[in-house]
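Work out the full structure: start from the sequences and follow the hints.
Our numbering puts the first residue of the first sequence at 5, with every later residue one more than the last.
Please keep in mind that the hints were generated in silico from the structure rather than gathered at the bench.
Some clues are possibly wrong.
Claimed, not checked - List of simulated lysine-lysine pairs, BS3-like, C-alpha gap at most 25 Å:
#1 K106 / K263
#2 K749 / K46
#3 K752 / K650
#4 K30 / K110
#5 K692 / K726
#6 K392 / K408
#7 K382 / K340
#8 K264 / K321
#9 K601 / K692
#10 K113 / K321
#11 K263 / K46
#12 K83 / K726
#13 K681 / K17
#14 K628 / K752
#15 K214 / K264
#16 K306 / K204
#17 K732 / K692
#18 K650 / K83
#19 K321 / K377
#20 K749 / K650
#21 K732 / K30
#22 K628 / K591
#23 K752 / K692
#24 K263 / K214
#25 K46 / K321
#26 K309 / K263
#27 K732 / K749
#28 K83 / K692
#29 K306 / K448
#30 K306 / K263
#31 K30 / K46
#32 K204 / K321
#33 K591 / K601
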Amino acid sequence: MTSEALPTRYNSKEVEARRYAEWETKGYFRPQSDRAKAHTAKNRYVIVIPPPNVTGILHMGHALNNTIQDILVRWHRMKGRDTLWVPGTDHAGIATQNVVEKKLAKQKKSRHDIGRETFLKEVWTWKEEHGATITRQLRRLGASCDWTRERFTMDEGLSHAVREAFVTLYERGLIYQGNYIINWCPRCQTALSDEESAHKEIQGGLYHIKYPVAGKGSKAEKVGEDHIVIATTRPETMLGDTAVAVHPEDARYKHLIGKKLILPLMEREIPVIGDEFVDPEFGTGMVKVTPAHDPNDFEMGKRHKLEEINVMHPDGKINANGRQYEGLDRFQARKKIIADLEVAGLFIQRDSHLHAVGHCYRCDTMVEPYLSKQWFVKMKPLAEKALKAHRAGKTIFYPDRWTKVYTNWLEGIRDWCISRQIWWGHQIPVWYCEGDGECKLACKQPTVSRKNPDKCPHCGSKNLRQDPDVLDTWFSSWLWPFSTLGWPDKTEDLKRFYPTSDLITAPEIIFFWVARMIMAGLEFMGEVPFSRIYIHGTVRAQSGLKMSKSLGNAIDPLEVIDEIGADALRFSMIMLSAQDVYLSREKFEVGRNFTNKIWNASRFAFLNLEGFTEGSAQSPSAPKTLSLPNRWILSRLDTVAAEIEKQLAGFSLAQAATELYHFIWSDFCDWFIELSKPVFLGADQKAKTETQRVLFFVLERILRLLHPFSPFISEEIWQQLKVAAQDKDQWPESLSLAAWPVEAKPFKDAEAERSVGLMQQAMTGIRDLRSRLNIPPSQELEAVAASKNKAALQIFESFKMQMLKLGRLKALKTDTAFIKSPSWI
RNA sequence: GGGCGAUUAGCUCAGCUGGUUUAGAGCGCCUCCCUUACAAGGAGGAUGUCGGAGGUUCGAAUCCUUCAUCGCCCACCA
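Structure follows, in structure tokens:
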């Protein structure tokens, strides 16, 4: 082999595209049991990818998440396990619909202009054209997914699974429809689950408003009250007030219970009610009750049988129930109402008030609590199974502190609103009979079916209307660990790969996704979908804010890959990933420099391996007979390999990467390669051959250890090394298929480690003195010896004595050049 | 209002279940160096009462208590 072919800088671009295509086309990422049918692997390792949105483009969060998964997957694959990483994408209901709607808006069209069917066609077209962006980018990262098993949450099989899940839950009495207050996004015009409504602290106002007391001769009047005062943060909802509540024990107000008030502006009579919910300490101790626009008021309304008056259109504008305010946007209405109250002398004051208000997690619009008919999943029974599984030790979080976050949520779980008033998604498999045959009563019961019914099962009418709503996106992703494997069909894959092994994800989707997957797994498969959940850090910009395109603080991983390569990006990320990752461009220098270091260490190896034909992936026989540096590096290699193995097993990837980094940079490059130079320059052919053999072997092992972290460069160098191997016939086709190098009996050479440690100390001491005495390095040892510097000589003498003790120095020499010569080695 | 995390060199961070760490790395800084790989490199150096205060222990950056500052998550007090 020759070194001339290798430039001094690693060209990631050229290497990466070529290597990935080869891995994929040769099927290395398919499970071992697929590649060699006869061979049934005993152990499995299965991960399902957290499916990125089809609309997504790779961001640093993806880069971190998928690098971690890829490291684990590649590591287990090298360990010989039947390894599968299932990739795919999520149809991302609202997000995708928004993208296509925006596109339509450019043509001055809305989805309503073109109708549901045409709109859906548009979305599918968009998906065909752009949906592969993110998966292409995952390939550039090096993600070793089995692309032959790629799934999409709207593809046929998964739609089948969604139907099955919905109908099964319905049959089990766990799905119901009802009129409830839900989180409504007036911009997206759809219901949102509690998790999709993100609370934000808002500096709002607390408005104090007088409500006149009705009727003459009332008790209230006798004590001199002609009005009461309520406090509210949302005055516009007063249009729908149907009561005012006080605490039943509140001495100030309890005499008012049962009296009537006049709702200002609307001029309606409303009662004063007593309800324990009211906190006498807050505001004035009197609360306006608006059952149609506040979840608490809704509950109170139920308790007191109050009327529910909806005063808003779905877009947040006041409807006819708001009479003179009809047509005004909710915030305009607020202003107008306050102004009108002021004129009427009923407005007292506005206090500044900090409170948390829900915002749509897609478009950040302020969420409106809104009364509407929606579908829900009863979560308590599902959560109980998950909690039971947790108590049985079946779900383990890494790091452990997430366990409590998870169980707390399960313990306080609320029903899940699963219907969405959008078009893109799984349409709810419920049909209503619109026939007017003889079974009108029975037909009120909707038909819930796995297959599209062609007629009403009760009256036979063909006039059926499917529920127009679609399901929450997460209703398909919570089935992901088994729907991707073929469920509800009893497929071979499902049998082979469920339950999966680990789940790797970010903290922000523990509720959205992780908890729900566990519940679904238990409910539909009777088994947790994975046993270990690794929650990694969040990627943030240097400022501490979340990295996002809209904030303009995002670093595009693709740009980084173009510049320095996927390996460098991956390695940098992983080294930083011990906790939340705060990124800036400079942080990628570690990986870039490291990649280049490996490249050049290999150049050195190839240069000195020229003409050497005895290279082998087999460890040298009788290692104890080798020279000290050779013994030392072999010993270090096994120690480090075992350490990395241990760290990977416990998800300490940053630790593992750091370990490897230091082994390669300090031990291998700074010391081993440096110590080998005098050997290669010397005349001792035997010593030269021995060191060549060790250099070859150690480099080969390093590449294997490196492969999960930096797959491209390791494969590239390894393939070149393979050409020179005497036993190349026994080498696998690709490093992807090579065995993970942890020896059953690690080579541990305490003597070599000790003496090289001493030598390192001594040399460092000598160099330090040389530096202080301003002696040129070419004469450092001679000069130190000649300088008669007491300290220098002391270090030097102690080093020689140690060497003598170890029997490694043949004789004491008066000159100091021996360190540079191979004689001591 | 609850919960969690962070606080270590000028900057960004490691330091996993208390003792080979006399506290480490990368970047930055200073000195010297193109030596059979690598200047995106090598050799050496300076800089830290490990947020404050208590406590447990033979021994604490590491465990406990408390305070301070920052950050995150959860939460229907209008």
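These are the hints, each one checked on the structure:
A hinted pair counts as satisfied when its Cα atoms are at most 25 Å apart, and K106 with K263 does not qualify at roughly 52 Å. A hinted pair counts as satisfied when its Cα atoms are at most 25 Å apart, and K749 with K46 qualifies at roughly 22 Å. Between the alpha carbons of K752 and K650 the distance comes to roughly 17 Å, so the proposed pair stays at or under 25 Å and holds. Between K30 and K110, the direct Cα distance comes to roughly 44 Å. Violation of the 25 Å bound is thereby established for this hinted pair.
Of the supplied pair hints, the one linking K692 and K726 holds, its CA atoms being roughly 20 Å apart against a limit of 25 Å. Taking the CA atoms of K392 and K408, the gap is near 14 Å; set against the 25 Å cutoff, the hint holds. The straight-line distance between the Cα atoms of K382 and K340 is roughly 41 Å, outside the 25 Å bound, and the hint therefore fails. About 29 Å separates the Cα atoms of K264 and K321, which puts this hinted pair outside 25 Å; it is violated.
About 23 Å separates the Cα atoms of K601 and K692, which keeps this hinted pair within 25 Å; it holds. Distance check on the hinted pair: K113 and K321 sit about 22 Å apart at the alpha-carbon level, within 25 Å; holds. For the given pair, K263 sits about 76 Å from K46 by alpha-carbon distance, which is inconsistent with the 25 Å threshold. Of the supplied pair hints, the one linking K83 and K726 holds, its CA atoms being roughly 20 Å apart against a limit of 25 Å.
Between K681 and K17, the direct Cα distance comes to roughly 32 Å. Violation of the 25 Å bound is thereby established for this hinted pair. A distance of roughly 10 Å separates the Cα atoms of K628 and K752; the hinted pair therefore holds under the 25 Å criterion. Straight-line distance between C-alpha atoms of K214 and K264 comes to about 14 Å, which keeps the hinted pair within the 25 Å bound. About 28 Å separates the Cα atoms of K306 and K204, which puts this hinted pair outside 25 Å; it is violated.
For the given pair, K732 sits about 22 Å from K692 by alpha-carbon distance, which is consistent with the 25 Å threshold. In summary, the hint linking K650 to K83 is supported, as the alpha carbons are separated by about 13 Å, within the 25 Å threshold. A C-alpha spacing of about 19 Å is found between K321 and K377, which places the hinted pair at or below 25 Å, so the restraint holds. Distance check on the hinted pair: K749 and K650 sit about 15 Å apart at the alpha-carbon level, within 25 Å; holds.
Between K732 and K30 the CA atoms are separated by roughly 19 Å; this keeps the pair inside 25 Å, and the hint holds. For the proposed pair K628 and K591, the alpha carbon gap of about 41 Å is over 25 Å, so the pair is violated. Simply put, K752 and K692 have alpha-carbon atoms about 23 Å apart, close enough for the 25 Å limit, and the pair holds. Proposed proximity of K263 and K214 is supported: the alpha carbons are some 15 Å apart, at most 25 Å.
About 62 Å separates the Cα atoms of K46 and K321, which puts this hinted pair outside 25 Å; it is violated. Pair hint K309 plus K263 holds up; C-alpha atoms about 16 Å apart against a cutoff of 25 Å. Proposed proximity of K732 and K749 is supported: the alpha carbons are some 24 Å apart, at most 25 Å. Of the supplied pair hints, the one linking K83 and K692 is violated, its CA atoms being roughly 33 Å apart against a limit of 25 Å.
Straight-line distance between C-alpha atoms of K306 and K448 comes to about 24 Å, which keeps the hinted pair within the 25 Å bound. Between K306 and K263 the CA atoms are separated by roughly 19 Å; this keeps the pair inside 25 Å, and the hint holds. With a C-alpha separation of about 23 Å, the suggested pairing of K30 with K46 holds against the 25 Å cut-off. For the given pair, K204 sits about 23 Å from K321 by alpha-carbon distance, which is consistent with the 25 Å threshold.
With a C-alpha separation of about 17 Å, the suggested pair K591 and K601 falls inside the 25 Å cut-off, and the hint holds.
The structure shown violates the earlier hints numbered 1, 4, 7, 8, 11, 13, 16, 22, 25, 28.
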